[in-house]
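K.L.:
Following the hints, put chain B in place on chain A, whose structure we already have.
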Amino acid sequence: MALDLYIDGFAFCTQPPQPQDFAPWFEARRLRRMETQSAQILLASCQALEMAGQPVAQEKPFALSLGIGPGSLQNTCKFIDSILQDGDDLSSPTAFAGSVHNSAGLTLSLFLNLRGPCVTSGQFNTSFGAALLTAQNFLYSSMAPYVLVAVADSLNPLTDALREKYPRLFSGEVQGDYPPHTAAAFLISARKTPHTKAQITDFQFSCQQTADVPSLGEGWAPLAAAPAIQLCSLLKQKERTFEVKDVSLGVCTVIKGEIFHAY
Amino acid sequence: MTCACIGGTGVICACGSGKNALWNGLETGRSRFALPAGRVNSTLADKYPVFLIPEDNLPPGPGSLSLRYFLTAAREAFNQARVQPAQLAALRTGVCVGTSVDASFHCFEAYSRYSRQTLQEGDAQALQQYFTSSTALAAARAFGFTGPVQTVVTACASGTDAVGLAAGWIHQGLCDAVLCGGTDEINRVPYDGFIRLLIASKDKCKPFSKNRSGINIGEGAAALLLLSPSAAQSLGVTPTGFVLGYGNACDGYHPTAPDPQGRGLNKALSFALKQAGLQGADMAFVNAHATASQANDAAEALVFNQLLPGVPVCATKGLTGHTLGAAGALEAVITLMCLNRGQVTPAWGFEEEDPALHLTPVTALQAVRGQAAISCSLAFGGCNASLVLGGRQYGA
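Protein chains in written order, with this note's numbering: chain A, 1 to 263; chain B, 1 to 396.
So here's chain A without its partners, still in its complex pose (with noise of 0.2 Å):
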């Protein structure tokens, strides 16, 4: 690892949230017409940030990585849902607009006051390791003090009943259940703090060649924050070092690290 890389924050969600939910930082009605995935992503970024002991409204000039699976597959089918229902000439813009794979980084700096640098990588359920790549990338060249690292799922009903018809096809590499809407995020930073939950101590994330390594088009992997919820698990339990490996499109992910405190 070209630096050390420490964990000052870190939440998940694996369910819709509600108003409440968001009511220690922001008014219900700013939440109105937010899709789920940036939803999620929000109410995650703001437990990692009130676990790292930092002001959810004040402006930072903290960075924004976030990892996304298909993108914001809610608005996607919403516009072209729009076409196919009301013609081409009276298609959603606003459904477009949200379609963009970074919409949820907007929600997040508008929420957040997050003024830093802020990239989105979209690569399906790699994209967990690729946003910590990214973080890793502005934390060296000091583009931004912290990084948060958020990472979401949004699955819609298509996918739900194509894995019910065809099981054989997304029987591949995640096993049993997995909640279709998820969202994790991390803030991380290259010193210690008070505030420091642990260390990762390696961190690689590289595409694999061999024979035994899937090849693209088997398995159904569209889940970014698997990895990072387990790894948010991890960091839950009493163990003093945690391993996450995914291999997944042949990418391989492999984060280590140490914990400084039980939760």
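Everything labelled a hint here was simulated from the structure, so no lab data went into it. The reader is advised that the hints may include incorrect statements.
[Unchecked claim] Straight-line Cα separation of at most 27 Å, DSSO-like style, residue types lysine-lysine; simulated pairs:
{"id": "1", "chain 1": "A", "residue 1": "K60", "chain 2": "B", "residue 2": "K47"}
{"id": "2", "chain 1": "B", "residue 1": "K47", "chain 2": "A", "residue 2": "K78"}
{"id": "3", "chain 1": "A", "residue 1": "K78", "chain 2": "B", "residue 2": "K204"}
{"id": "4", "chain 1": "A", "residue 1": "K192", "chain 2": "A", "residue 2": "K60"}
{"id": "5", "chain 1": "B", "residue 1": "K274", "chain 2": "B", "residue 2": "K47"}
{"id": "6", "chain 1": "B", "residue 1": "K210", "chain 2": "B", "residue 2": "K47"}
[To be verified] Simulated coverage check for chain B against chain A, where a stretch passes if three residues somewhere in it have a Cβ under 8 Å from a Cβ of chain A:
{"id": "7", "segment": "101 to 107"}
{"id": "8", "segment": "110 to 121"}
{"id": "9", "segment": "127 to 135"}
{"id": "10", "segment": "243 to 251"}
Backbone N, C-alpha and C fix where the C-beta goes; we use that ideal spot for every residue, glycine too.
P.N.:
Just chain B now, kept in the frame of chain A:
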């Protein structure tokens, strides 16, 4: 920042395939600006021309058009550097690709049948392919690279971010080489979307003009092969340029409009200059994002007047269209070509000075002095990114 060497570059866009075709277009204004016809099956009553890759330049082969565009550009970059992918595969070589449309859910027909409850087995396979592939991953597999693989989806700043992040991988010592750039294709979703947002123009776009009336979307790809100085030396590659600095900052202002004060762009540009250890006055020119929307060009002009007074401004979307996720990488390659030729190309489409902007872009092929220049991108979501690039003679 310890600079990353640029070993070679490649492009494909509405001017044609390859840098020679692109430079010919930049000099003459020749490009393909036409109604999208068959590939974009939109029923919009009003028709908007776009900058399309000519049919006879569409690369053959499997995979999405975006992938084929990027592989075409990558091969040109390898050829310029005179390296084989196998040589790079023996090093720590990563892939970092910016895109927008290519990463968005684009299974329009399958989704349409799903809505009508007539899903077919082939639809599931199309969806599965979408959910398990990306241009960056496919390129890494095609060339046998085993370093980091990242798809950057920061909308229209994706290409700039991909190059900047890739340079960071070299800087950190994570990689010896990185194939980076951007790629995008036109389909019904972005075509309808930009028109319905009322920011598209039926005329050729007019960057920085008083009568500018919006963007023209386009498609294409650009690839840059970045190398560490030691990798360049060991491969016998003479750099064609350098990535000297990268900056990025968000506005936190609006989903589709830039901060009118250009605060995010100001920060991104300032950081890129700081990282390069250069001042605004050191810049030979700035290659603007210049979409020809009222808001974008106004924000950029404000920031250029603040940070880069007197620096020539070029704008190329009047020739290539707005190639979305590819734009930043394509414009980085154009910036490099201009630096190495000592000439900056005119802002095709510019017609009439806008007194509110206090900025007149370059209007004819113009000689420039200096070996460093800036390329900027602004994006939906309030993302801003800047690269400071050096030509092959930089530091000589």
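K.L.:
Compare the structure with the hints numbered earlier in the document and write down the numbers of the violated ones, lowest to highest.
P.N.:
Violated hints (numbers, rising): 1, 3 and 5; every other hint is consistent with the structure.
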